[in-house]
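Each protein sequence line maps, in turn, to chains A and B. All letters in the first sequence, in the order written, are residues 1 to 422 by the working numbering. All letters in the second sequence, in the order written, are residues 1 to 323 by the working numbering.
Do not take every clue at face value.
[Stated by the list, open to error] If you want a taste of the chain A side facing chain B, the calculated C-beta under 7 Å gives, among others:
hint, residue
1, Asn82
2, Gln87
3, Ser89
4, Gln281
5, Ala283
6, Asp387
7, Lys388
[As the list claims (entries may be wrong)] Rough simulated footprint, nothing fancy, chain B against chain A, three-plus residues with beta-carbon under 8 Å:
hint, segment
8, 46-56
9, 300-314
Hint data in this document are derived by calculation from the structure and do not stem from the laboratory. Ideal placement from N, C-alpha and C gives every residue a C-beta, glycine not left out.
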Amino acid sequence: MRPQHRWALVAGALALSLGLAACSGGTGAGTAGSGNGDPVKEIKVVIAEMSKDHTAAFWNAFAKTYQRRTGVKLKVQIISWNDVDQQTSTMVQNGNPPDILNLNAYASYAKDGLLYDSDEVLPDRTKADILDAFVKSGTYKNKLYGFPDLSSVRALFYNKKLFAKAGVAHPPRTWDEFVTTAKKITALGDGTVGYAQPLGPEEAQAEFSIWLFNNGGDWKSHGRWSINSPKNVQTLRFLKDLSVKHKVTQNNPGKTNRTDGAFPLFQHGKAGMVVGFGPLQAALDSDYPDVDYGIAPMPSSGGGPPQTYGVTDYLMAFKKAGNRDAVRKFYELYYSPDQINTWIKAEGFLPVTKSGLKVFASDPSLEVYLDTLPNVHLTPTDDPTWDKVKIAVQQNLGEAVASDGDPQKVLDRLQQMAESGG
Amino acid sequence: MVSAPDLVRVAAPGPPAETARHRAGTPRRRQRAMGRAALWWLSPALLLIGGVVIYPAIELIDASFGRYSITGLRLGPAGDANYTNVLAHPATPAVLTNTLVWVVAVVVPTILLSLALAQFLSLEFAGRRIVRWAVLVPWAASLVITSRLFTLLFDYYHGILNRLLLALHVVGRPVDWLGDDRFTMLSIVTVGVFVTVPFTTYVLLAGLNAIPEEVYEAARIDGAGWWQTYRHVTLPLLRPALLVAAVLNIIYVFNSFPVVYTLNDRNPGFSHDTSITFMYKLAFKSADHDVGMAAAAGVMNVALILVAVVIYLRLVDWRKDHS
Numbered sequence: 001m002r003p004q005h006r007w008a009l010v011a012g013a014l015a016l017s018l019g020l021a022a023c024s025g026g027t028g029a030g031t032a033g034s035g036n037g038d039p040v041k042e043i044k045v046v047i048a049e050m051s052k053d054h055t056a057a058f059w060n061a062f063a064k065t066y067q068r069r070t071g072v073k074l075k076v077q078i079i080s081w082n083d084v085d086q087q088t089s090t091m092v093q094n095g096n097p098p099d100i101l102n103l104n105a106y107a108s109y110a111k112d113g114l115l116y117d118s119d120e121v122l123p124d125r126t127k128a129d130i131l132d133a134f135v136k137s138g139t140y141k142n143k144l145y146g147f148p149d150l151s152s153v154r155a156l157f158y159n160k161k162l163f164a165k166a167g168v169a170h171p172p173r174t175w176d177e178f179v180t181t182a183k184k185i186t187a188l189g190d191g192t193v194g195y196a197q198p199l200g201p202e203e204a205q206a207e208f209s210i211w212l213f214n215n216g217g218d219w220k221s222h223g224r225w226s227i228n229s230p231k232n233v234q235t236l237r238f239l240k241d242l243s244v245k246h247k248v249t250q251n252n253p254g255k256t257n258r259t260d261g262a263f264p265l266f267q268h269g270k271a272g273m274v275v276g277f278g279p280l281q282a283a284l285d286s287d288y289p290d291v292d293y294g295i296a297p298m299p300s301s302g303g304g305p306p307q308t309y310g311v312t313d314y315l316m317a318f319k320k321a322g323n324r325d326a327v328r329k330f331y332e333l334y335y336s337p338d339q340i341n342t343w344i345k346a347e348g349f350l351p352v353t354k355s356g357l358k359v360f361a362s363d364p365s366l367e368v369y370l371d372t373l374p375n376v377h378l379t380p381t382d383d384p385t386w387d388k389v390k391i392a393v394q395q396n397l398g399e400a401v402a403s404d405g406d407p408q409k410v411l412d413r414l415q416q417m418a419e420s421g422g
Numbered sequence: 001m002v003s004a005p006d007l008v009r010v011a012a013p014g015p016p017a018e019t020a021r022h023r024a025g026t027p028r029r030r031q032r033a034m035g036r037a038a039l040w041w042l043s044p045a046l047l048l049i050g051g052v053v054i055y056p057a058i059e060l061i062d063a064s065f066g067r068y069s070i071t072g073l074r075l076g077p078a079g080d081a082n083y084t085n086v087l088a089h090p091a092t093p094a095v096l097t098n099t100l101v102w103v104v105a106v107v108v109p110t111i112l113l114s115l116a117l118a119q120f121l122s123l124e125f126a127g128r129r130i131v132r133w134a135v136l137v138p139w140a141a142s143l144v145i146t147s148r149l150f151t152l153l154f155d156y157y158h159g160i161l162n163r164l165l166l167a168l169h170v171v172g173r174p175v176d177w178l179g180d181d182r183f184t185m186l187s188i189v190t191v192g193v194f195v196t197v198p199f200t201t202y203v204l205l206a207g208l209n210a211i212p213e214e215v216y217e218a219a220r221i222d223g224a225g226w227w228q229t230y231r232h233v234t235l236p237l238l239r240p241a242l243l244v245a246a247v248l249n250i251i252y253v254f255n256s257f258p259v260v261y262t263l264n265d266r267n268p269g270f271s272h273d274t275s276i277t278f279m280y281k282l283a284f285k286s287a288d289h290d291v292g293m294a295a296a297a298g299v300m301n302v303a304l305i306l307v308a309v310v311i312y313l314r315l316v317d318w319r320k321d322h323s
């Protein structure tokens with residue numbers, strides 16, 4: 001190589017690596033509009049994709065109806081759950097957020113002063129219709145910013161065939177029963193596991209939540225973080241014991257995700273139990289007819305009344321010049337019963353409104369969820385700190401349940417992080 | 001825009017002028033005209049570089065000095081806090097070690113394998129065209145898709161690799177290729193080599209084809225054996241191609257995101273991340289969730305790879321060439 005080529009190489013290296021690094025950057029100050037100004041002719045809605053089949057279909061139809069009624073164009077952008085965080089963050093960074101955003105968190109946006117509250121854009125009767133649990137979770141500093149769009153509640157799915165084979169009469173009601181049952185099913189052999197436990201980074205906070213609620217624990221109590229409370233430590237030790245001591249779970253639960261790890265085991269009849277929700281039910285019914293499953297409330301540690309863990313997503317509205325009226329009309333239309341309930345039904349989720357609860361009550365397959373919905377436990381999405389704590393939980397819980405993991409230490413660390421504001 | 005006559009005028013004197021310059025030098029006026037013409041020719045590339053490299057790079061550096069909210073909102077200047085935060089991050093030492101292991105463990109076997117493969121592909125044999133195409137496939141396929149396929153192959157319960165090893169009684173129980181810390185990096189590196197070999201092979205194949213038949217003839221006449229020919233004729237003449245392959249691979253592997261990220265997505269924490277996936281996680285998938293820190297990590301990544309390349313070029317003594 002001739003000497004001058006050295007610089008060509010170095011320059012090439014610089015260009016290549018800069019190009020790549022730059023993909024992660026981008027700047028621009030986000031400027032929050034006041035909502036005043038000339039009314040806009042178009043608003044943009046960013047929706048996280050719930051399913052390939054239904055999300056786009058519903059929102060495209062919705063956009064047409066909205067445009068016909070209001071004369072304002074509705075631009076719909078559907079983004080997969082994997083990318084939605086990254087893309088919305090980039091939009092805000094560039095000072096170009098959507099008018100309406102569908103996400104599972106809102107408090108950080110409210111804290112940054114980017115959002116409209118319910119007094120500004122939500123009709124009063126709509127606010128009154130939203131279930132109390134979701135009003136609570138959507139309220140930041142006494143104002144409702146997180147308008148729920150749909151919800152889901154988790155429950156214990158069990159494989160009836162495996163239960164019968166193992167001679168188990170009914171789904172477990174206490175944690176002791178749960179361990180006994182899981183042991184019996186694991187003993188069937190042939191790669192069968194008693195319980196498919198997803199504590200990998202995808203959604204470790206959900207798996208931990210439903211168990212800790214059933215041990216009388218919580219993420220926060222009386223307004224203070226209680227991540228490392230004795231009850232929570234006990235819960236995480238129990239979860240660790242399931243794989244390390246009792247050996248009734250699949251291999252390496254701390255590194256198993258829900259969608260590509262735990263659910264497939266249950267769907268192929270290899271797992272006796274798994275914590276599931278509506279979409280799993282839908283997948284089982286349509287794609288895995290061989291799996292004869294039942295749905296039961298979660299077992300509680302001492303046999304007390306079962307507690308459920310619920311998730312709601314939010315449709316939040318960004319303050320931008322001139323969009324307030326259009327945004328308000330968006331919510332009027334979205335919360336009309338034939339719109340919101342159509343989408344929730346299509347995606348296999350649960351209602352967030354009192355009127356919706358009545359509509360869905362006629363569906364017997366939802367009974368196990370609907371009974372518990374009004375008293376559902378949610379994660380503290382109303383605290384902006386949770387948005388960071390959640391990710392820390394996802395990235396750390398798996399380590400706590402490894403054979404050399406230390407639940408107390410991991411929870412102490414998370415508690416410390418939460419107390420210092422993330 | 002350059003008009004057609006311009007093109008002809010500019011294009012025609014190209015190569016002869018260059019040889020002339022090398023022999024005896026060229027009048028200055030002519031050189032200036034050449035410079036202007038070159039600028040025309042370079043302008044599309046310069047615009048492209050300006051738009052997709054320089055501008056984002058400026059934005060990146062700017063972002064690295066900004067204080068950002070988790071939402072992406074810029075709250076104000078951060079000074080050098082983003083840089084010190086990245087350096088003080090508890091995962092940083094492990095990430096840097098992983099990066100070094102990853103680059104070395106992929107590039108070295110890749111080059112060795114590609115040398116052998118290029119030698120093989122340069123032979124005349126029936127079906128060579130098909131084999132050459134087949135070698136290209138892993139390179140042409142999307143990295144994310146390739147990586148996702150490998151997660152299926154490596155799967156603990158359903159993966160074909162474990163089925164095979166169990167059937168052959170190589171292992172008594174399945175191996176958790178992607179979850180067991182002892183095997184995770186090895187598995188990721190294997191895929192890294194798999195997707196890097198095609199490009200490297202073709203660079204080396206081009207280098208082999210450029211070696212004139214006469215030197216081999218001379219070697220034969222001098223009575224050189226196969227190994228002597230390879231060691232003293234092929235390898236030295238392949239040096240430029242090897243150098244290019246090595247430098248491009250170091251950069252390419254260092255910057256590789258999809259393979260590491262996809263195969264590692266089930267593992268919590270940062271114990272198998274390289275500096276590139278770490279940068280992404282800092283922005284979106286860690287409790288830091290901080291665009292400013294990620295931008296700082298990005299700037300440091302560029303510096304790191306530049307230093308690595310310069311050190312490499314020093315080590316191989318790029319000046320020592322055709323001599």
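Non-conforming hints, listed in increasing numerical order:
Structure breaks hints 1, 2, 4, 5, 8, 9.
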